[in-house]
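K.L.:
Residue numbers (numbering that gives the first Met the number 0), protein chains in the order written: chain X, 0 to 157; chain Y, 0 to 461.
It is worth saying that the hints were derived from the structure and are not from the lab.
We put the beta carbon where it would ideally sit given N, CA and C, even for glycine.
Careful, some of the hints might be misleading.
Looking from chain X toward chain Y, a few residues come up when the C-beta cut is under 8 Å (computed) [unchecked claim]:
#1 S1
#2 L3
#3 L5
#4 I8
#5 Y12
#6 I15
#7 W17
#8 F19
#9 V26
#10 D30
#11 S103
#12 G122
#13 T124
#14 V132
Ranges between beta-carbon positions, derived for each pair [stated by the list, open to error]:
#15 X:S29 <-> Y:L402: 30 to 36 Å
#16 X:H82 <-> Y:R275: 57 to 63 Å
#17 Y:R12 <-> X:I18: 45 to 51 Å
#18 X:L7 <-> Y:T112: 32 to 38 Å
#19 Y:G16 <-> X:L142: 43 to 49 Å
#20 Y:T137 <-> X:I152: 34 to 40 Å
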Amino acid sequence: MSELTLFLIRIAYLAILWIFVLSAISVIRSDMFGARVPEAARAAGGGGGKPAKQKKPPKRRGSPTQVVVTSGTNDGATASLDHAPILIGRGPDAAIRLEDDYVSTRHARIAASGDQWFVEDLGSTNGTYIGTVRITQPTTITLGTQVRIGKTILELRK
Amino acid sequence: MSQSSALMGFVHRRRRGAELFLLILALAVGIGAYAAVGIGVEGHVPVDILGYGGWLAALLVGAHVAVRLVAPYADPVLLPVVAALNGLGLAVIHRLDLAEDTTFARQQLTWMTLGVVLFVGALVVLRDHRVLTRFTYTFGLLAIVLLLLPMVPGVGKTINGAKIWIGVGPFSFQPGEVAKVLLVVAFAGYLVLHRDALALAGRRVLFIDLPRGRDLGPILAMWLVSLGILVFQRDLGSSLLFFGLFLVMLYVATERPGWLVVGSGLFLSGAFVAWRLFSHVQDRVDIWLHPFDYYNAPRPPYSDQIVETMFGMGWGGLIGRGFGEGDPTRITYAEADFIMGAIGEELGLTGVIAVLVLYGLIVERALRAALISRDGFGKLVAVGLAGVVTLQVFVVVGGVTRLIPLTGLTTPFLSYGGSSLVANWVIIALLLRISDQARRPVPDLSGPSEAPDEQSTQVIKL
Numbered sequence: 000m001s002e003l004t005l006f007l008i009r010i011a012y013l014a015i016l017w018i019f020v021l022s023a024i025s026v027i028r029s030d031m032f033g034a035r036v037p038e039a040a041r042a043a044g045g046g047g048g049k050p051a052k053q054k055k056p057p058k059r060r061g062s063p064t065q066v067v068v069t070s071g072t073n074d075g076a077t078a079s080l081d082h083a084p085i086l087i088g089r090g091p092d093a094a095i096r097l098e099d100d101y102v103s104t105r106h107a108r109i110a111a112s113g114d115q116w117f118v119e120d121l122g123s124t125n126g127t128y129i130g131t132v133r134i135t136q137p138t139t140i141t142l143g144t145q146v147r148i149g150k151t152i153l154e155l156r157k
Numbered sequence: 000m001s002q003s004s005a006l007m008g009f010v011h012r013r014r015r016g017a018e019l020f021l022l023i024l025a026l027a028v029g030i031g032a033y034a035a036v037g038i039g040v041e042g043h044v045p046v047d048i049l050g051y052g053g054w055l056a057a058l059l060v061g062a063h064v065a066v067r068l069v070a071p072y073a074d075p076v077l078l079p080v081v082a083a084l085n086g087l088g089l090a091v092i093h094r095l096d097l098a099e100d101t102t103f104a105r106q107q108l109t110w111m112t113l114g115v116v117l118f119v120g121a122l123v124v125l126r127d128h129r130v131l132t133r134f135t136y137t138f139g140l141l142a143i144v145l146l147l148l149p150m151v152p153g154v155g156k157t158i159n160g161a162k163i164w165i166g167v168g169p170f171s172f173q174p175g176e177v178a179k180v181l182l183v184v185a186f187a188g189y190l191v192l193h194r195d196a197l198a199l200a201g202r203r204v205l206f207i208d209l210p211r212g213r214d215l216g217p218i219l220a221m222w223l224v225s226l227g228i229l230v231f232q233r234d235l236g237s238s239l240l241f242f243g244l245f246l247v248m249l250y251v252a253t254e255r256p257g258w259l260v261v262g263s264g265l266f267l268s269g270a271f272v273a274w275r276l277f278s279h280v281q282d283r284v285d286i287w288l289h290p291f292d293y294y295n296a297p298r299p300p301y302s303d304q305i306v307e308t309m310f311g312m313g314w315g316g317l318i319g320r321g322f323g324e325g326d327p328t329r330i331t332y333a334e335a336d337f338i339m340g341a342i343g344e345e346l347g348l349t350g351v352i353a354v355l356v357l358y359g360l361i362v363e364r365a366l367r368a369a370l371i372s373r374d375g376f377g378k379l380v381a382v383g384l385a386g387v388v389t390l391q392v393f394v395v396v397g398g399v400t401r402l403i404p405l406t407g408l409t410t411p412f413l414s415y416g417g418s419s420l421v422a423n424w425v426i427i428a429l430l431l432r433i434s435d436q437a438r439r440p441v442p443d444l445s446g447p448s449e450a451p452d453e454q455s456t457q458v459i460k461l
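With the sequences and hints as input, model every part of the structure.
P.N.:
Encoded structure:
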């Protein structure tokens, strides 16, 4: 094998190695910027603009507008659903701050999907309950569904 | 948490086609290296290139089909990157085999086959990583049993001064490699439940929130376990890996730098005491600081490994000598811990950087999966697995390049070593499972749900 052939093989192999590295990086790049927006979100977002930002569902008669604490230490506290998603917890960044010892700093979240509202537990210590069932995944709630967080009960109101 | 809500607006694409494309390139990296080794060492393309290439391709296509079927939304980059590293490692080990007349590459290919089988098995059996939370304490206990096994007389084997092996018939196995995966799951399950207590309680000293005394229990226990590994098994690398892993996961779970301060303090004091007390630790540090004093030394400790590696890397330079043109057999155990030395000699800095970037990509994809994962347990497991790869690469490459004292750990996917290879394939399977769950579109919650108020009252006749 001549010296030149070996040199060319060496350069060719390093080139293959780096072509692989760079294509892997370009796949990551297109994965970041080429994300597909589903039809529903695109229609709601007005066809582009800011696809990642969710447009609020159109107002309908009878759709909930606020979250109200119906029982517990912060009885009567409310938060408007206009600022969804709404964070509930003991921390300072929560939209509804509960002074309840059984509530975690960032306990649960209420967010919209389409024209449905759902509550999602954020890995709290004592859990989020609908009725007597501890929720493990985002769960749909409707007007008047009682969501129990610690010793506090919240529900959606018009 | 705002991350996931910002991402709710779009769906990740499956990208299985991109994965297949990258896998073909990865095969070119692996088989190309094998062919280049044949040409460089023997002067002709190896005769079994079709059989070897076919076997490698069959394994990877099998893994790809399995991902396509059971984890369609999984990350498209992880599997090809791992395949390329594994293929390159096999070729380098084969090159050393040709020079030294050993058969490590053949055994490594067998282990890779087992690794891919376990990878597919893990993906098929484990459809949802959250199931693993049930086994938090079982896995923790199992990991400790596995770590203790090498010290049981009759089962344990001492190889090269480290008591980290068990002998099963003709095979030797490092149970610590399996234990690290189990420990990640156990830590994640524990921290998901207890992170509020660990994150909130405590007092503030000099801008740093120090944790509460009684919450120090688990970190002290982990510190003792890693010190025990250091003292009784004489394994610096695993000790550093386990403690560092726990610290990383604790920090990520609680978002409190105080833990890093406490943990680093514990680690540094432990390392200092070990350095003062144990001769094998002193030897490592002396070799690290003054390698040439121990080169060709008349009696142990020897520094020939590290010095030959430095010679090799220096001779390799920017683009390397080319496969077959270097002399990596001068490095003892070049196929195991020192494989980066062999790569540095024959592929040069260009090749070493490519390999390091590939490790970086694995870690980046793992952290990405952690960011977009929707459950705390998945986040912590992904971060922990990323931590395992990071720490392992840092410790071994840092040791080989004389950045830190040398500790024995395998280079993930590259080094010869069956237990490590198999465990790392399972790590990749877990990462793919978590990223599949994270990238899968949110299940449609707007299905028909009957509102309880709207149901008409019915008369029930008894």
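K.L.:
So, for every hint listed, does it hold in this structure?
P.N.:
Evaluation of the provided hints:
no.: 1; hint: S1; verdict: violated, 11 Å
no.: 2; hint: L3; verdict: violated, 12 Å
no.: 3; hint: L5; verdict: holds, 5 Å
no.: 4; hint: I8; verdict: holds, 5 Å
no.: 5; hint: Y12; verdict: holds, 5 Å
no.: 6; hint: I15; verdict: holds, 5 Å
no.: 7; hint: W17; verdict: holds, 6 Å
no.: 8; hint: F19; verdict: holds, 5 Å
no.: 9; hint: V26; verdict: holds, 5 Å
no.: 10; hint: D30; verdict: holds, 6 Å
no.: 11; hint: S103; verdict: holds, 5 Å
no.: 12; hint: G122; verdict: holds, 4 Å
no.: 13; hint: T124; verdict: holds, 5 Å
no.: 14; hint: V132; verdict: violated, 14 Å
no.: 15; hint: X:S29 <-> Y:L402: 30 to 36 Å; verdict: holds, 35 Å
no.: 16; hint: X:H82 <-> Y:R275: 57 to 63 Å; verdict: holds, 59 Å
no.: 17; hint: Y:R12 <-> X:I18: 45 to 51 Å; verdict: violated, 23 Å
no.: 18; hint: X:L7 <-> Y:T112: 32 to 38 Å; verdict: holds, 33 Å
no.: 19; hint: Y:G16 <-> X:L142: 43 to 49 Å; verdict: holds, 45 Å
no.: 20; hint: Y:T137 <-> X:I152: 34 to 40 Å; verdict: holds, 36 Å
In this structure, the earlier hints numbered 1, 2, 14, 17 are contradicted, and the remaining ones agree with it.
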